[in-house]
Amino acid sequence: MLIDKSSHILVLKGGESAERQVSLESGKYVEKALDEIGYKVSSLDCRGDFVTKIISTKPDLCFNALHGPGGEDGKIQRILEECNIPYTHSGINSSEVAMNKAISKNIFNRNKLLTPNFKLIDIEEIKTFEFYYPVVIKPIGQGSSLGVYTIHGESDRINFLNDLSCWDFGEKVIIEEYIRGRELTCAVIDNKPSMVMEIKTKNNFYDYNSKYCEGGSTHITPAPISELIYSQTRKMTIKSHNLIGCRGITRADFIFGRSLNEKESLYILEVNTQPGMTKTSLVPELALKQGISYVDLVNLIIKDASCGR
Numbered sequence: 009m010l011i012d013k014s015s016h017i018l019v020l021k022g023g024e025s026a027e028r029q030v031s032l033e034s035g036k037y038v039e040k041a042l043d044e045i046g047y048k049v050s051s052l053d054c055r056g057d058f059v060t061k062i063i064s065t066k067p068d069l070c071f072n073a074l075h076g077p078g079g080e081d082g083k084i085q086r087i088l089e090e091c092n093i094p095y096t097h098s099g100i101n102s103s104e105v106a107m108n109k110a111i112s113k114n115i116f117n118r119n120k121l122l123t124p125n126f127k128l129i130d131i132e133e134i135k136t137f138e139f140y141y142p143v144v145i146k147p148i149g150q151g152s153s154l155g156v157y158t159i160h161g162e163s164d165r166i167n168f169l170n171d172l173s174c175w176d177f178g179e180k181v182i183i184e185e186y187i188r189g190r191e192l193t194c195a196v197i198d199n200k201p202s203m204v205m206e207i208k209t210k211n212n213f214y215d216y217n218s219k220y221c222e223g224g225s226t227h228i229t230p231a232p233i234s235e236l237i238y239s240q241t242r243k244m245t246i247k248s249h250n251l252i253g254c255r256g257i258t259r260a261d262f263i264f265g266r267s268l269n270e271k272e273s274l275y276i277l278e279v280n281t282q283p284g285m286t287k288t289s290l291v292p293e294l295a296l297k298q299g300i301s302y303v304d305l306v307n308l309i310i311k312d313a314s315c316g317r
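Count along the sequence shown from 1, add 8, and you get the number used in our numbering.
These aren't lab readings, by the way, just hints derived from the structure by calculation.
Among the hints, a few may not be true.
To be verified - Distance condition first, Cα-Cα at most 30 Å in a straight line; then the derived DSS-like pairs of lysine-lysine: (1) Lys-311 with Lys-48; (2) Lys-208 with Lys-36; (3) Lys-271 with Lys-210; (4) Lys-127 with Lys-210; (5) Lys-247 with Lys-180; (6) Lys-271 with Lys-40; (7) Lys-208 with Lys-83; (8) Lys-83 with Lys-127; (9) Lys-120 with Lys-61; (10) Lys-200 with Lys-135; (11) Lys-40 with Lys-13; (12) Lys-311 with Lys-40; (13) Lys-311 with Lys-271; (14) Lys-287 with Lys-208; (15) Lys-200 with Lys-311; (16) Lys-287 with Lys-247; (17) Lys-311 with Lys-120.
Construct all of the structure, not just a fragment, from the sequences and the given hints.
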């Protein structure tokens, strides 16, 4: 579609998911960038009867700054398709697939992209599940590491079971083998893989606080890994992006390490179709490393907006 300074862009943010605050932050910075470029900008907190508000606003396109269920699982994408309103990021099917960790990991396995072994179970079954330590428990449809637990022994298992009384992350989880190693990430920007970043944190893994609290983690770009693993990470990033059918920017997360009794290998964990756009987010940082400012990154995303994604 033709986008110029007269285009009215509606930033969708907030919503009802557990990632609401992250989305509000992303939306705030996106709005500021769009305003700086010179577009006509408005924003909408997607709560209540927000669909009616989208329609009445009559935007030329929507910048999807939502995170979590409702925003990156195909639901808002389906609404915008039905309203014939162009939007950013991935479409219905690719959003559904990427958000569901079990489905996306099955796609990785079928296409020979190494991913940690896992089992899909109902959350109620986990109370009687026989654990083999160490493992990682993940909701199948959450982002920002919400609801993720690393279980290294019986005390961790008991703490997790105690937390189930306030569990609010869906009815199904995956129990995934724990890979001890280095956390890597790589983005797809303008249909090409970015530089590879290593993420270091003092916590057991790159959790919510590590992601969104200033100083919560250290990012090293380019990642100090061998040329072979660096190249492999970039190839797996673009391959996973294409296999799922993603559009716009995405970010793939990896562990380079070893499981029990296995050699050191590169494992893909997931593809994120709605990467954060906050001041501590990884994709804007990766973009800047290759000379793309935050404002230019937002403009790249906008220029790719369409229906039928």
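A quick look at each hint next to the structure:
1. Lys-311 with Lys-48: holds, 15 Å
2. Lys-208 with Lys-36: Distance of about 27 Å is within 30 Å: holds.
3. Lys-271 with Lys-210: holds, 25 Å
4. Lys-127 with Lys-210: holds, 28 Å
5. Lys-247 with Lys-180: Answer holds: Lys-247 to Lys-180 is near 27 Å, not above 30 Å.
6. Lys-271 with Lys-40: violated, 47 Å
7. Lys-208 with Lys-83: The hint is violated at about 33 Å.
8. Lys-83 with Lys-127: Within the cut-off at roughly 26 Å; holds.
9. Lys-120 with Lys-61: This hinted pair is violated, its Cα atoms lying about 44 Å apart.
10. Lys-200 with Lys-135: Not satisfied, since the Cα-Cα distance of roughly 43 Å exceeds 30 Å.
11. Lys-40 with Lys-13: Status holds; Cα separation ~15 Å.
12. Lys-311 with Lys-40: Satisfied, since the Cα-Cα distance of roughly 17 Å is no more than 30 Å.
13. Lys-311 with Lys-271: Roughly 43 Å between the alpha carbons, so the hint for Lys-311 and Lys-271 is violated.
14. Lys-287 with Lys-208: holds, 18 Å
15. Lys-200 with Lys-311: It holds: about 16 Å lies between the C-alpha atoms, which stays within 30 Å.
16. Lys-287 with Lys-247: holds, 28 Å
17. Lys-311 with Lys-120: With a Cα-Cα distance of about 33 Å, the restraint between Lys-311 and Lys-120 is violated, given a limit of 30 Å.
Taken one by one, the earlier hints fail for this structure at numbers 6, 7, 9, 10, 13 and 17, listed in ascending order.
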